[in-house]
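Trainee: Each chain is listed here by its residues.
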Amino acid sequence: MSHPDQILAHGRVLRYSFPERAWHWVAGFSYVYLLLSGLAFWSPWLFWLAMILGGGQVSRMLHPFVGVVFAIAVAAMYNMWAGQMRITDVDKAWFSSVEHYARNEDEKMPPAGRYNAGQKSLFWGFVICMVLLLVTGIFMWIPQYFPWHSLLILRIATIIHASSALITIGLFMIHVYMGVFAERGAFGSVIRGDVSLQFARRYHPGWYEEITGQPASPKK
Amino acid sequence: MSQATLRVQRISGHAGTVPGEDAQREYTVCKLIDTTTCIGCKACEVACMDWNDLPFGETIFDNTYQTMPETRWNYWNLILFNEHEKEDGSLMWLMRKNQCMHCADPGCLAACPSDGAIVQYTNGIVDFQQANCIGCGYCITGCPFDIPKMNPQTHRVFKCTLCADRVSEALEPACIKSCPTGCLHFGSKDDMKDLAEKRAKQLREHYNFPNAGVYDPAGVGGTGVVYVLHDTTKPELYGGLPADPHISWTVKLWKGPLKWLGNAAMIGGLLGLFVHYLRFGPKARSEEDLEPHEGEQP
Numbered sequence: 001m002s003h004p005d006q007i008l009a010h011g012r013v014l015r016y017s018f019p020e021r022a023w024h025w026v027a028g029f030s031y032v033y034l035l036l037s038g039l040a041f042w043s044p045w046l047f048w049l050a051m052i053l054g055g056g057q058v059s060r061m062l063h064p065f066v067g068v069v070f071a072i073a074v075a076a077m078y079n080m081w082a083g084q085m086r087i088t089d090v091d092k093a094w095f096s097s098v099e100h101y102a103r104n105e106d107e108k109m110p111p112a113g114r115y116n117a118g119q120k121s122l123f124w125g126f127v128i129c130m131v132l133l134l135v136t137g138i139f140m141w142i143p144q145y146f147p148w149h150s151l152l153i154l155r156i157a158t159i160i161h162a163s164s165a166l167i168t169i170g171l172f173m174i175h176v177y178m179g180v181f182a183e184r185g186a187f188g189s190v191i192r193g194d195v196s197l198q199f200a201r202r203y204h205p206g207w208y209e210e211i212t213g214q215p216a217s218p219k220k
Numbered sequence: 001m002s003q004a005t006l007r008v009q010r011i012s013g014h015a016g017t018v019p020g021e022d023a024q025r026e027y028t029v030c031k032l033i034d035t036t037t038c039i040g041c042k043a044c045e046v047a048c049m050d051w052n053d054l055p056f057g058e059t060i061f062d063n064t065y066q067t068m069p070e071t072r073w074n075y076w077n078l079i080l081f082n083e084h085e086k087e088d089g090s091l092m093w094l095m096r097k098n099q100c101m102h103c104a105d106p107g108c109l110a111a112c113p114s115d116g117a118i119v120q121y122t123n124g125i126v127d128f129q130q131a132n133c134i135g136c137g138y139c140i141t142g143c144p145f146d147i148p149k150m151n152p153q154t155h156r157v158f159k160c161t162l163c164a165d166r167v168s169e170a171l172e173p174a175c176i177k178s179c180p181t182g183c184l185h186f187g188s189k190d191d192m193k194d195l196a197e198k199r200a201k202q203l204r205e206h207y208n209f210p211n212a213g214v215y216d217p218a219g220v221g222g223t224g225v226v227y228v229l230h231d232t233t234k235p236e237l238y239g240g241l242p243a244d245p246h247i248s249w250t251v252k253l254w255k256g257p258l259k260w261l262g263n264a265a266m267i268g269g270l271l272g273l274f275v276h277y278l279r280f281g282p283k284a285r286s287e288e289d290l291e292p293h294e295g296e297q298p
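Chains as they are written, first to last, in this note's numbering: chain H, 1 to 220; chain L, 1 to 298.
These are calculated hints, taken from the structure and not from any lab test. Since we're looking at a predicted model, the values are computed, not measured. This list has only true hints and no planted wrong ones.
Take a look, some chain L residues computed to stay more than 12 angstroms from chain H by CB distance:
id, residue
1, E26
2, N52
3, A174
4, D191
5, Y207
6, P210
7, L237
Partial pick of chain L residues on the chain H-facing surface, computed with a CB cut under 7 angstroms:
id, residue
8, G13
9, H14
10, S248
11, L273
Note that the Cβ used here is the ideal one computed from N, Cα and C, for glycine as well.
Make a model of the complete structure from these sequences and hints.
Mentor: Pasting the structure below:
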C-alpha cells in the first residue's frame, strides 16, 4: 500500500516515479495509435485516419502488434498500482457525492486517498477492457492457430472487441479531460513526477495526511 | 477484378454516394446449377483454376470423391459429394458445386471496413478488389456461406468472381463453359429463375421428386447463384447449404445499433466534456491558485 513518495523542496512531493511515468506513456502513445487505427476500421467515415497512419494495410498490420505493447504496459501498471486501487468505504462515499466533484465543489468531497474513486474506476475499467480486447484481439488476429476456432466465436469476438474498445474510449476521454483540463497540475505530475503539497491537500487529502503527518483541513 | 464495362452499385467501407449506383440499365446476371444433372466430373473446378490462373495445390483425400474438405483462397469452386440414404433404403448421391453465391444483400460487403475492397456491380456480381483489401477478415464473419478465404502469406481475401472479367466481355463464366452435362446455365436472373422453375416442375411431375424446387434464399435478398434441388425442404443435405441464410445477428448488431450507439456516445461525450468546461471550468486556474481558495466555502 505504502508508496515511496518523497517530499521535495519548495513544497512539492514526488507523486509518480520514473517507471510509473514511463509505463504510463508507453500505454498512452500505444493507446492513441490503437484508437486512431481502430476508429478507421470502425466506420467508413473515419477510414481516412488509416490513410494518415500509412494506409489501411499498414494500419491493419501494426494494430495487433501495438495492441500487444499496450497490453504489456497495462500489465506493468497493474503490477505497480493494483494494490493501491482497492475500493474502500471512502470511495463508496466519494461515488455518492460525485455530483459535487463534477461541480468543482471539492471541499464537499470525502477525503480521497492517493487515488480517488474515479481514478480507481478508470484503472479497473481499463484493466478489464484490456483483458477482453487482448483475448478477442488475438483470436481475430490469428484464428487459424486455434484448433477450436469457429465462425460464431469469431463473430462474437468481433462484437466484444468493438464494445470494449468503445468503453475504453469513454474512459480515455474523461481521463484526458481530467488530467489535462480540469485538474491543473495533474498533467505535469505524469510528465515530471511531482505535484505541489497544495495539490495533494486539495484533491487527495487522505494521501496528504499520510505523507505529511498533518491534518489536511485544520479548520474543521 | 476487371471493371471494363461494369459499373459499381455498392462499395464496402465507403462514406458517401456510390458513383455507379443505378446508373445503368443492366440485367442482373445469374448462374443456375441444376444439382439433379450434375455428375461430379469436376470440369468446372479445372476450368475455374485454368481461367483464373490459380496455382495447383495439394488435394486432400477424405474418403470421398471431393477434391478437398472446403474451398480455399486459391480454390474457389468445389463440388461437394454427399451420400444420402432415402427412406426406402436406396442411396442418393448428392453433388453440389459450391462457390460464392453473389448475394443481392452481401454480408461480406456489409462487414468490410476498407473503402472499395468489396464492390457489387450493377449486374449483381460481388467482387473483391485485393488492392484495397487490408486483410482484417471481417468479410469472413459477414458471409453466411463461409466462402471468403484469406491468403495467410499476403493477408488478402479471395473468392469466386463469377468471372467478372469474362462477363464484362459478354462471355459466360469459365465453369459454365466447361460443363459437359448442361447442368450449369448462365443468363439474366429472370431467365435463370424461369428455367429453374420449369426444371423443378418437371422433377415434381415426371420424376419422383415431389419436393423438388429452386434455392434462391430471400434472407440475403436472393442470390446470383441459384440451385435446383431434388428436395428443397432439406438443403442441408447438400454439404450444409443453409436453409434460411441471413447475415449473422452479430454483424447486424455490430454494423447497426452498436455503431449508432457508439457514434452517438463518442460525439455526445466530446460535446458533454466541452460544455462541462464552459460551465464549470478547471478546478483551479493554476496549481499555485489552490492555496488561497482553501476553505473559502462557509
